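Undergrad: Each chain, letter by letter, is given below.
Protein chains: 2
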Amino acid sequence: MNIFNHRLLKCCMEKNNRLCLGLDLDNRKLKVNTLSYFEGFVKDIIDTTIDLCPVYKINFAFYERLGKAGYNILSEITEHINGRAITIADAKRGDIGNSSKYYAEAIFDTLNYDSITISPYMGEDSIKPFCEYDKGVFILCLTSNIGSNDFQNKNIDGEKLYLHVAKLACDMNRNNNIGLVVGATKNNQMESIREYSKGLPWLIPGVGFQGGSLEDSIRIGSKYDSLPIINVSRGIIYAGNGSLDDIRFATEEYTKKIRDIL
Amino acid sequence: MNIFNHRLLKCCMEKNNRLCLGLDLDNRKLKVNTLSYFEGFVKDIIDTTIDLCPVYKINFAFYERLGKAGYNILSEITEHINGRAITIADAKRGDIGNSSKYYAEAIFDTLNYDSITISPYMGEDSIKPFCEYDKGVFILCLTSNIGSNDFQNKNIDGEKLYLHVAKLACDMNRNNNIGLVVGATKNNQMESIREYSKGLPWLIPGVGFQGGSLEDSIRIGSKYDSLPIINVSRGIIYAGNGSLDDIRFATEEYTKKIRDIL
Numbered sequence: 001m002n003i004f005n006h007r008l009l010k011c012c013m014e015k016n017n018r019l020c021l022g023l024d025l026d027n028r029k030l031k032v033n034t035l036s037y038f039e040g041f042v043k044d045i046i047d048t049t050i051d052l053c054p055v056y057k058i059n060f061a062f063y064e065r066l067g068k069a070g071y072n073i074l075s076e077i078t079e080h081i082n083g084r085a086i087t088i089a090d091a092k093r094g095d096i097g098n099s100s101k102y103y104a105e106a107i108f109d110t111l112n113y114d115s116i117t118i119s120p121y122m123g124e125d126s127i128k129p130f131c132e133y134d135k136g137v138f139i140l141c142l143t144s145n146i147g148s149n150d151f152q153n154k155n156i157d158g159e160k161l162y163l164h165v166a167k168l169a170c171d172m173n174r175n176n177n178i179g180l181v182v183g184a185t186k187n188n189q190m191e192s193i194r195e196y197s198k199g200l201p202w203l204i205p206g207v208g209f210q211g212g213s214l215e216d217s218i219r220i221g222s223k224y225d226s227l228p229i230i231n232v233s234r235g236i237i238y239a240g241n242g243s244l245d246d247i248r249f250a251t252e253e254y255t256k257k258i259r260d261i262l
Numbered sequence: 001m002n003i004f005n006h007r008l009l010k011c012c013m014e015k016n017n018r019l020c021l022g023l024d025l026d027n028r029k030l031k032v033n034t035l036s037y038f039e040g041f042v043k044d045i046i047d048t049t050i051d052l053c054p055v056y057k058i059n060f061a062f063y064e065r066l067g068k069a070g071y072n073i074l075s076e077i078t079e080h081i082n083g084r085a086i087t088i089a090d091a092k093r094g095d096i097g098n099s100s101k102y103y104a105e106a107i108f109d110t111l112n113y114d115s116i117t118i119s120p121y122m123g124e125d126s127i128k129p130f131c132e133y134d135k136g137v138f139i140l141c142l143t144s145n146i147g148s149n150d151f152q153n154k155n156i157d158g159e160k161l162y163l164h165v166a167k168l169a170c171d172m173n174r175n176n177n178i179g180l181v182v183g184a185t186k187n188n189q190m191e192s193i194r195e196y197s198k199g200l201p202w203l204i205p206g207v208g209f210q211g212g213s214l215e216d217s218i219r220i221g222s223k224y225d226s227l228p229i230i231n232v233s234r235g236i237i238y239a240g241n242g243s244l245d246d247i248r249f250a251t252e253e254y255t256k257k258i259r260d261i262l
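Chains as they are written, first to last, in our numbering: chain A, 1 to 262; chain B, 1 to 262.
Since the hints were derived computationally from the structure, they do not count as laboratory data.
Among the hints, erroneous ones may be present.
One copy or two, it doesn't matter: identical chains are merged, so the pair holds either way.
As the list claims (entries may be wrong) - 25 Å max Cα-Cα, derived DSS-like pairs, lysine-lysine:
id	residue 1	residue 2
1	K128	K15
2	K128	K186
3	K223	K257
4	K15	K257
5	K160	K15
Here the structure is a predicted model, which is why all the values come from computation and not from measurement.
Take the sequences, apply the hints, and build the full model.
TA: So this is what it looks like as C-alpha cells:
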C-alpha cells in the first residue's frame with residue numbers, strides 16, 4: 001500500500017492514536033551535552049514511545065545547527081525508526097521546480113523520510129515535484145504563530161490566503177499524498193479550513209505549550225472522515241524532569257486524552 | 001564594517017560589478033561523476049571567476065541531495081571563498097521564531113554564510129531571528145516562476161501580496177541587512193516593488209535562461225540609489241562546453257554587459 005495518506009491512516013488506526021511526537025530536542029538542554037549522548041537520547045525517546053506514537057516529526061532546524069553531526073542524526077533517525085512509525089521531515093522547503101525536485105530527492109531518497117512540510121509561497125510548480133513521490137507533503141496552511149496574521153490571514157478576493165492554499169492543496173491531491181499544517185491555536189478558523197480542505201489529513205501543532213485545544217482540534221480535524229495528527233513537542237520531551245520515564249508518562253497521558261476524545 | 005548591506009555594496013563597488021554567480025551545479029552533468037571531482041570543480045569555478053564576481057549564490061537543494069558529502073561541500077565553499085566575495089545561502093528557510101533562530105545558527109554560524117534567502121509565508125516573527133545577526137536576509141518577494149501567480153501576485157486590500165512583503169521588509173530593516181528576491185521576468189511589476197522597497201538591495205534571478213531583461217533589471221533595481229544583484233546560474237556554469245574557459249568567458253561577457261549598463 002504505497003498511497004501515503006492510506007499508510008498514514010493505517011498507522012494511526014493500528015496504534016489507535018493520533019499523536020505526532022515532535023523531536024525538537026535542544027542538545028544544550030540535556031543533562032549531558034555531548035552529541036553522542038544527544039543521538040542516543042533521541043533514539044531512546046523513540047524506543048520508549050513508539051508502541052504508542054504513529055508519527056514522529058523531526059524539526060530540521062534543531063539538527064542542522066549541529067552541522068555535520070546533526071546531519072548524520074537526521075539520517076540515523078529514519079534508519080532507527082525503520083518503518084515502525086511515519087516520519088515527517090519538518091523542513092519547510094520550497095523552491096522553483098528544478099530545485100524543489102532536488103529537495104525532494106534530499107529528504108525522500110537520501111534521508112529516507114516518509115513526508116515533508118513545505119511552504120507554499122512560490123505556488124503550485126514549487127510544490128508539485130514533492131507530490132510526484134509516493135511520499136507525503138504537508139503544506140503550510142495556517143500556522144500557530146503570531147506572524148500568521150501578517151499574510152496568511154489576509155483576504156484575497158474575499159477569502160483568506162490560507163483558504164486559497166487549502167483549495168490549491170485539494171486540487172493538487174491527485175496522488176492522495178497531500179496534507180495541511182493547521183495550527184491548533186486558531187480554532188475559529190479551523191472550521192472553514194476543514195470545509196475547504198475536505199478529506200485532507202492535517203498536521204496540527206500548537207496543542208500543549210502554545211495553548212491550543214486538543215478536543216477542538218480532533219473534533220474539527222476529524223470532520224468529513226478526515227485525519228487530524230496532533231503534534232506535541234515540548235509538552236512531552238521536556239515533561240517533568242525530562243527523563244525517559246517522564247517522557248513515557250506524558251506520552252501515555254496524551255494518548256489517553258486523544259483516545260477519550262476519539 | 002559589519003552592516004551587511006554596506007559590505008554587499010562595498011564588494012560590488014570594488015569589483016565594479018553586480019553579478020551573482022549561482023553555483024547550482026548538478027554533479028550528474030559533469031564529465032566526471034565523482035563527488036571529489038564535483039567539489040574540486042566548484043572550487044575551480046570560484047577561483048576562475050572571483051576577481052570579477054562580488055557575490056556567489058549557493059542553491060542548497062543541489063548539495064543537500066548529495067547527503068553527507070554535499071553537506072561537507074556547503075561548508076567547504078564558504079571556507080574556500082574565505083571573505084573574497086559575499087556568499088548567499090539560497091536555502092529558502094523560515095519557521096516559527098525558535099526554529100528560525102536555529103536555522104540562522106545553522107547557516108550563519110555553523111556553515112558561515114554571509115546571507116540567506118527566506119520565505120515570508122509565516123510572517124514577521126519567522127523572519128526576525130535571521131535579522132538579528134550582522135548577516136544578510138533576502139526575503140522572497142516576487143519570484144520568477146509561473147507559480148508566483150498563485151499567491152504572490154494576488155490582491156490583498158487592493159495591493160499585491162508581494163507589495164505587502166516589500167513593505168514589511170522595509171519596516172523590519174532596522175539593522176540594514178534586509179534585501180528582497182525579485183524575479184527579472186516580471187519587469188512591469190519591478191517598478192512598483194522598487195517604489196515600496198525604497199533602498200533595499202535586490203537579488204534578481206531570471207536573467208539568462210529564464211529570459212528576463214538584464215538592462216531593465218539593472219535600471220529599475222538601481223533606482224533610489226539601490227543595489228541590484230544580478231544572479232546568473234545556468235547561463236554561466238553551463239556556458240559553451242561547460243569548461244572553466246567557457247565559464248570564465250561567460251562571466252567576462254556578463255560582467256561587460258553589466259558594466260556597459262552601469
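Undergrad: Which constraints among the numbered hints does this structure fail? Numbers only, ascending.
TA: 1, 5
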